[in-house]
Amino acid sequence: MSYLPYALAAWILLVGLYGVVTSRNFVHLVICLSVAQSSTYVLLLAIGYRTGKKAPIFTSGVPVSLGAVDPVVQALALTDIVVGVTVAALLLALVVEIWKRSGTVDPNALRRKQK
Amino acid sequence: MTVRTRLVLFAVSGAGLGALLLWGLAGLPDFGHFAGEYGRLLNSAAARERHVTNVVAAITFDYRGFDTLGEEFILFAAVMGVALLLREARDDRERPYDEVRSETVRLVGLSLVGPLVVVGLFIVAHGYLTPGGGFQGGIALAAAPALLYAAGRYRALRAASPTGLVDLAEGSGAGGYVVTGLAGLVAGSVFLENFVDLGKTGMLAAGGTIALVNWCSAFAVSAGAVLLFHEFLEEVMYPE
Numbered sequence: 002m003s004y005l006p007y008a009l010a011a012w013i014l015l016v017g018l019y020g021v022v023t024s025r026n027f028v029h030l031v032i033c034l035s036v037a038q039s040s041t042y043v044l045l046l047a048i049g050y051r052t053g054k055k056a057p058i059f060t061s062g063v064p065v066s067l068g069a070v071d072p073v074v075q076a077l078a079l080t081d082i083v084v085g086v087t088v089a090a091l092l093l094a095l096v097v098e099i100w101k102r103s104g105t106v107d108p109n110a111l112r113r114k115q116k
Numbered sequence: 348m349t350v351r352t353r354l355v356l357f358a359v360s361g362a363g364l365g366a367l368l369l370w371g372l373a374g375l376p377d378f379g380h381f382a383g384e385y386g387r388l389l390n391s392a393a394a395r396e397r398h399v400t401n402v403v404a405a406i407t408f409d410y411r412g413f414d415t416l417g418e419e420f421i422l423f424a425a426v427m428g429v430a431l432l433l434r435e436a437r438d439d440r441e442r443p444y445d446e447v448r449s450e451t452v453r454l455v456g457l458s459l460v461g462p463l464v465v466v467g468l469f470i471v472a473h474g475y476l477t478p479g480g481g482f483q484g485g486i487a488l489a490a491a492p493a494l495l496y497a498a499g500r501y502r503a504l505r506a507a508s509p510t511g512l513v514d515l516a517e518g519s520g521a522g523g524y525v526v527t528g529l530a531g532l533v534a535g536s537v538f539l540e541n542f543v544d545l546g547k548t549g550m551l552a553a554g555g556t557i558a559l560v561n562w563c564s565a566f567a568v569s570a571g572a573v574l575l576f577h578e579f580l581e582e583v584m585y586p587e
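If you're matching them up, the sequences are chains F and Z in order.
According to my numbering, the first sequence is numbered sequentially starting from 2.
According to my numbering, the second sequence is numbered sequentially starting from 348.
For reference, chain Z alone in the conformation it holds in the complex (with noise of 0.2 Å):
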């Protein structure tokens, strides 16, 4: 197929979507105006039910729980792809020496690798109380290491995230939210059934389960974000 014929088949099929699309939405509520009963109900009832401030934080982990599940393997799929179709047994090479020379740079960005690591945990943790959470909190954590390499050099980046150590926790972060959902039906009777006692509300040790996926996600997805780096970085590293 041509450019051409394949812009003309574009333009034909790009406009009819637009003219469906733009139909189907003007059948929706006014901007501003939703009344979905199911978000109203959960905000009013997630603090009561679930000791929770974050309402956001508990629809991911708890009531719509099964769903974070889904995408978390969505997650751990893709990046185990990634290190499927990039990793290669390179392990006995030399690193590289790639140390970045700007002092300044070098003092900037190695300074605000303990502050990011804190303000990432501090996220995780507090993620079912103020805004964040495990999925946001999880990437901050990972930019840390990412600026061990900006700003200092490959090699610190691979010392301070070991590929055995992220792999365990990527696996970890995934598999310990499916054991909390197998005791959720161990103890009560359905799979991610928020069994743990709720604490609480406004404290760190509340939600019960809550903050328990909440942990397993940060795991997940800040070592499936390290791993995304070290894949990559691998190929800008080593050229075939």
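Bound-form chain F, shown alone (with noise of 0.2 Å):
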């Protein structure tokens, strides 16, 4: 089962890729892209994961020595994830943009619309 994590992580980017192909609104399908995207910080963690090992904060009386999980797999989680947001708001702008000029949010209206 010691790869349970990273098939956990395939999962949930197939599930998002899922809702995205078979979305019938774009925020919906914003949301879908987030969920696939979030995949990746599964991933990161569970690669950086070490067996019985603790965060990686050494305060006042946790000796370095000790060692811990890998931060830089939890760096690059920490950044992405306040990023992942602001382009999730910058997609959903988009949509209203849509919504503003079509009068719809379903891409599949919206294709039929265009012909």
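Please note: incorrect hints may appear among the correct ones.
To be verified - Derived coverage of chain F by chain Z (criterion: at least 3 residues anywhere in the stretch with Cβ under 8 Å from a Cβ of chain Z; other residues may be distant): (1) 15-23; (2) 31-43; (3) 72-80; (4) 103-111.
Simulated from the structure, these hints should not be mistaken for lab results.
A virtual CB, placed ideally from N, CA and C, is assigned to each residue, including glycine.
From these two lone chains plus the hints, build me the complex, please.
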């Protein structure tokens, strides 16, 4: 079972992509994209985990020699969470504009309108 | 493309992608047995080299500070994109009056605004000592004006965060990061070199430039989030 967390990341990615493919609403689509994106956090943090080790924060009293889980993948995930939120906001702003211009947020209906 | 063909196409390509992923992931080290030298080295070196106790913050704002600069500019660009798409000249119009009617919600919500600001500042300030940092604290700080709207009224949010001030904080947060990097180039030899006195480990005055770019990120993140609240709430308040 030691590969289960990795398989979970793959599953989250695929579920998110399924949502993107079948989406009937752009807002829903943006959220699905965020779900797919969050699979990278699960993967990164799962890779960096070391059994029995604590967080890489050595406040007074925690000896450095004890070691910790990998801090590099945590730094990668941490900045991306905030950036991911703002990029989702940009996509949602585009959805607002689509709604204003075409009166629909359904990708299929939008295609019909264009014809 | 009909929904049906799209689904069939996804079933095939999704299965292929899933198989490829599982195949690739099976080549990774067992869960819990990661032996990356880079992380191990930084864990043992960060406190000694940079006088900070939070290794993640040391990586985010120093060892891989250049990455974070890129991330921050993605954030900056995304927020500016939202402003570009949604911002319209409406400032001459009367702000809507949408005060929360429930006394309880107002009392509890508004009395939490002050503590939330303090918690946000605490998370930012101690970012390189304890869990936290500019990104997390910045978001916590932005929650305070959001609460002003949720428990108070929209005009309170706008009054507490004038657009000019938010734009200034957003710009100076992103710009300050670059300036710190350039100062490192001037004072030392490379971009973002940690040239400031490192101070004493475990104290707030430690970490050199880590503290500076930590605050720059906090400004950029919190101002960015508040700017997003403004633009989206404006859409709700003034429907076309």
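Exercise. Are there at least three residues in the segment 72-80 of chain F whose beta carbon sits under 8 Å from a beta carbon of chain Z?
Worked result: holds (count 8)
For this session: Check, residue by residue, whether the segment 31-43 of chain F contains three or more positions whose beta-carbon lies closer than 8 Å to a beta-carbon of chain Z, and give the verdict.
Result: violated (count 0)
For this session: Three residues minimum, CB to CB under 8 Å: does the segment 15-23 of chain F make the cut for coverage by chain Z? Let me know.
Result: It holds: at least three residues are needed, and the segment 15-23 of chain F offers 5 whose Cβ sits within less than 8 Å of chain Z.
Problem set entry | Outcome, coverage hint (the segment 103-111 of chain F, chain Z; C-beta under 8 Å; three residues) | violated (count 1)
Violated hints, listed in ascending order, are 2, 4; each of the other numbered hints is respected by the structure.
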